[in-house]
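There are 2 protein chains.
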Amino acid sequence: MNPVRIITISREFGSGGRTVGREVAERLGVPCYDKELVAKIARESGLAEEFIKENGEYAESANAFLFNWALAAGAGGGSLPVSDRLYVIQHNLIRDLAEKEPCVIVGRCADYILRERSDCMNVFLHADMQFRIDRILRQYGEAPEKPEKFLLDRDAKRRTYYRHYTGRQWGVVQNYHLTLNTAFLGIERCVDMVLEAARTH
Amino acid sequence: MNPVRIITISREFGSGGRTVGREVAERLGVPCYDKELVAKIARESGLAEEFIKENGEYAESANAFLFNWALAAGAGGGSLPVSDRLYVIQHNLIRDLAEKEPCVIVGRCADYILRERSDCMNVFLHADMQFRIDRILRQYGEAPEKPEKFLLDRDAKRRTYYRHYTGRQWGVVQNYHLTLNTAFLGIERCVDMVLEAARTH
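For the record, the sequence lines run as chains S and B.
Take 1 as the starting number for the first sequence in my numbering and just add one per residue.
Take 1 as the starting number for the second sequence in my numbering and just add one per residue.
Hint data in this document are derived by calculation from the structure and do not stem from the laboratory.
Warning: the hint list may mix true and false statements.
When chains are identical, the list treats them as one kind, so a pair holds in a single copy or across two.
[What the hints assert, rightly or not] Capping the alpha-carbon separation at 25 Å, the derived lysine to any residue pairs in SDA-like fashion look like this:
1. K149 x E116
2. K40 x E148
3. K53 x V38
4. K100 x E145
5. K149 x R115
6. K146 x E23
7. K157 x E188
8. K157 x N175
9. K157 x D34
10. K149 x E23
11. K40 x E196
12. K157 x Q174
13. K149 x V172
14. K53 x R138
Here chain S stands alone, though its shape is the one from the complex (with noise of 0.2 Å):
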């Protein structure tokens, strides 16, 4: 078994992810990459943040096979959606990431771009609505108008977007190494588990 190098964290929205991430990072003494990630996408783009941020985890309709024949084929570039482009240039930038340094990774597929490393642990963490409900209530001052609604929603455009650009099923066991209810065991008990997971064999 090859020590852990990466850190993949897939979340559902307002379950505590990129505090995890954040976490787990800084105890590695590694790079934590999630609104980095918006920025390197933005500088290399020439995308506006906001863009990235709706767009580059979140989607409203699926149609994977379309596009991962478009992305077999070297379609890489100007023939495709922005959107599409979108998601090529975070899967080229997520493998050059992963390359070059030790680090965490949250959302954006990482556990599936990176499928094929066997230094990659993949957690997934989800919670319960009431405690994700407090939590963006705590974390953005304000409540949406309806906020389970709003949950629901972010979670089926992540699922969608899942789904779209790896053909994969979001939030199936089988695809993570690891996966813990952060309402139920806390969050400061998800970083030490992360963090006992990742130790090496």
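Chain B: place on chain S using the hints.
Coordinates of chain B only, in the frame set by chain S:
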């Protein structure tokens, strides 16, 4: 958060679920219900242990709604097919066990049956195909003729059984507080991590 009294372990065939369950129970000093459950069901139902093993977790086809209507309507008796009666007996036995004392329960939809308890932690264990093949070879001494087909078939029947009686999809992250890839993490570390997760919050 209530202290964890009950740990349910769902698992892919050959992933080491029974071993993890047994060691966790031993370290907690509580009973582990796996084979013992089969024996109890046999005593209660008069059915043969072999029949219970084959029909208490595996099903060929699914029709959850019909069965759940029958259950909701209080049909616990002789009018149900024998496989459904077996489920009702397992269902009641698992509820009674959970009520009586802290324990570990392996398989048999216990996560679903105990879903309304707040002192219950649900774990799912899975592993890569090669790990599972090696494990059943070591455990049973001889291989089924096509071990991969054998394992996929067992998984499919557990999935069907679970869907039939719970209306839920088997192996979906949100149904478990913790899921672990035993091949990646190793059995011993999985035992430690389940215990760590069950520690009073």
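Which of the listed hints are not met by the structure?
-> 2, 4, 6, 7, 10 and 11
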